[in-house]
Structure formats: C-alpha cells, structure tokens
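Engineer: Sequence:
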Amino acid sequence: MNPEERHLLERSVKLAQENNEMLRSIQARARRQTIYGFIKLVIVILPFVLGYIFLQPYFDDVLRNYNSVRELFDSMPR
1 MNPEERHLLE RSVKLAQENN EMLRSIQARA RRQTIYGFIK LVIVILPFVL GYIFLQPYFD
61 DVLRNYNSVR ELFDSMPR
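So the sequence shown is numbered by this note's numbering: it starts at 1 and just counts up by one.
These are calculated hints, taken from the structure and not from any lab test.
Misleading hints may appear alongside valid ones.
[Unchecked claim] The following label-pair restraints were derived from C-beta to C-beta distances:
1. Ile53 - Ser12: 55 to 61 angstroms
2. Tyr36 - Met1: 47 to 53 angstroms
3. Phe48 - Ser12: 52 to 58 angstroms
4. Pro57 - Arg78: 33 to 39 angstroms
5. Leu41 - Asp61: 29 to 35 angstroms
6. Met22 - Leu63: 56 to 62 angstroms
We put the CB at the ideal spot given by N, CA and C, even for glycine.
With these hints in hand, go ahead and build the complete structure from the sequences.
Structural biologist: What follows is the structure, given as structure tokens:
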C-alpha cells in the first residue's frame with residue numbers, strides 16, 4: 001500500500017468515526033425527546049384522569065340531585 005492510499009484510508013476511518021459519534025448523538029437526542037414527550041403527555045393527561053376518578057362520586061351526587069329536582073318540577077301542576 002503506497003503512502004497516498006494509506007493516508008486516504010486513515011482519513012476515511014477518521015471520518016467514519018466522527019460520523020458514528022454524530023449519529024450516536026442524534027440517536028440519543030431522539031431517544032431523550034421521545035421519553036420527554038411521553039412524560040409531558042403523562043403530566044398533561046394524568047390530572048384529568050385523576051380528577052375524573054376522584055370527582056366522579058360528586059358528579060353522581062350532583063346529577064342525582066338535579067334529576068330529583070327536575071322530577072319535582074315535572075310533577076307540579078301547570
């Protein structure tokens with residue numbers, strides 16, 4: 001192998017290593033963005049789900065009271 005070919009081969013190896021480092025960095029960033037996106041989604045949706053679960057008995061009571069008042073008004077003569 002002559003010196004010029006050796007130099008080109010070494011340069012190709014160096015560029016391939018730099019390219020590999022950049023690709024790994026891009027993949028790591030994409031992975032972090034996916035995880036952070038999922039965490040943000042959970043942070044946004046979780047309060048709605050928990051609110052529904054914990055407030056459901058109160059909603060049932062309000063609906064029951066509304067229906068009883070409505071039945072009372074419906075039973076009144078006009």
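Engineer: If a hint holds in the structure, say so; if it doesn't, say that too.
Structural biologist: Each hint, compared with the structure:
no., hint, verdict
1, Ile53 - Ser12: 55 to 61 angstroms, "60 angstroms, holds"
2, Tyr36 - Met1: 47 to 53 angstroms, "48 angstroms, holds"
3, Phe48 - Ser12: 52 to 58 angstroms, "54 angstroms, holds"
4, Pro57 - Arg78: 33 to 39 angstroms, "35 angstroms, holds"
5, Leu41 - Asp61: 29 to 35 angstroms, "31 angstroms, holds"
6, Met22 - Leu63: 56 to 62 angstroms, "59 angstroms, holds"
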